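Kindly generate the complete structure, drawing on both the sequences and the hints.
Using this note's numbering, the letters of the sequence shown correspond one by one to residues 405 to 480.
Note that these hints are calculated values from the structure, not bench results. The structure displayed is predicted, hence computed values, not measured ones. All C-beta atoms in this analysis are idealised placements derived from N, C-alpha and C, irrespective of residue type, glycine included. A hint or two may mislead.
In silico lysine to any residue, SDA-like type, Cα no more than 25 angstroms apart, as pairs [unchecked claim]:
{"no.": "1", "residue 1": "K427", "residue 2": "V408"}
{"no.": "2", "residue 1": "K421", "residue 2": "I410"}
{"no.": "3", "residue 1": "K427", "residue 2": "M405"}
Pair by pair, the computed Cβ-Cβ distance ranges are [claimed, not checked]:
{"no.": "4", "residue 1": "T466", "residue 2": "S432", "range": "44 to 54 angstroms"}
{"no.": "5", "residue 1": "I410", "residue 2": "V451", "range": "25 to 35 angstroms"}
{"no.": "6", "residue 1": "E417", "residue 2": "F480", "range": "55 to 65 angstroms"}
{"no.": "7", "residue 1": "T466", "residue 2": "T443", "range": "33 to 43 angstroms"}
{"no.": "8", "residue 1": "P462", "residue 2": "S423", "range": "35 to 45 angstroms"}
{"no.": "9", "residue 1": "D474", "residue 2": "L412", "range": "50 to 60 angstroms"}
{"no.": "10", "residue 1": "W447", "residue 2": "L412", "range": "24 to 34 angstroms"}
{"no.": "11", "residue 1": "P448", "residue 2": "E415", "range": "21 to 31 angstroms"}
{"no.": "12", "residue 1": "T445", "residue 2": "L467", "range": "18 to 28 angstroms"}
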Amino acid sequence: MGQVTIYLDDETESRLKASAKSKGVPVSRWIAELVREKTGTEWPEEVRQLAGAWPDFPDAETLRGEQAEDVRRESF
Numbered sequence: 405m406g407q408v409t410i411y412l413d414d415e416t417e418s419r420l421k422a423s424a425k426s427k428g429v430p431v432s433r434w435i436a437e438l439v440r441e442k443t444g445t446e447w448p449e450e451v452r453q454l455a456g457a458w459p460d461f462p463d464a465e466t467l468r469g470e471q472a473e474d475v476r477r478e479s480f
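Dropping the structure here:
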């Protein structure tokens with residue numbers, strides 16, 4: 405398990421401690437959870453549950469089928 409040292413101003417440290425205390429977790433766990441949240445590589449479950457939530461939104465095949473032909477670009 406890694407160990408990290410960070411330097412915080414007094415106000416930030418107070419806010420950190422108060423937030424960790426309100427969640428009932430140690431400061432190190434609060435910071436670790438924040439790092440996991442900010443460095444996640446997957447969409448949050450709440451966002452994934454929204455898939456298909458808009459019944460009138462066209463599906464991927466419909467969107468791809470409506471693409472027009474590319475326009476020829478001018479040469480330089």
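- Taking 25 angstroms as the top limit, are the C-alpha atoms of K427 and V408 close enough? Within the cut-off at roughly 22 angstroms; holds.
- Message: Taking 50 to 60 angstroms as the stated bounds, is the beta-carbon spacing between D474 and L412 within them?
- Response: holds (53 angstroms)
- Item | Cβ separation of I410 and V451, checked against the hinted range 25 to 35 angstroms | holds (29 angstroms)
- Item | Outcome for the supplied range 44 to 54 angstroms, where the beta carbon pair is T466 and S432 | Once the Cβ atoms are compared, 49 angstroms apart, the range 44 to 54 angstroms for S432 and T466 holds.
- Status of the given 24 to 34 angstroms range, CB of L412 versus CB of W447: Check passed, 30 angstroms falls within 24 to 34 angstroms.
- Message: With the threshold set at 25 angstroms, check whether the alpha-carbon distance from K427 to M405 stays at or below it.
- Response: Within the cut-off at roughly 23 angstroms; holds.
- Cβ distance range 18 to 28 angstroms for T445 and L467, holds or violated: holds (25 angstroms)
- Query: That 21 to 31 angstroms hint for P448 and E415 (C-beta), does it hold up?
  - Reply: Given a distance of about 29 angstroms, which is inside 21 to 31 angstroms, the answer is holds.
- Task: Check the following: the C-beta atoms of P462 and S423 are separated by a distance inside 35 to 45 angstroms.
- Result: Holds: the Cβ-Cβ distance is about 42 angstroms, inside 35 to 45 angstroms.
- CB-CB spacing for T443 and T466 relative to the 33 to 43 angstroms hint: holds (35 angstroms)
- Query: Should the hint that E417 and F480 are 55 to 65 angstroms apart at their CB atoms be regarded as holding?
  - Reply: At roughly 57 angstroms between Cβ atoms, F480 and E417 fall inside 55 to 65 angstroms, so the hint holds.
- Does the alpha-carbon distance linking K421 and I410 stay inside the 25 angstroms limit? holds (14 angstroms)
Of the numbered hints given earlier, the model fails none.
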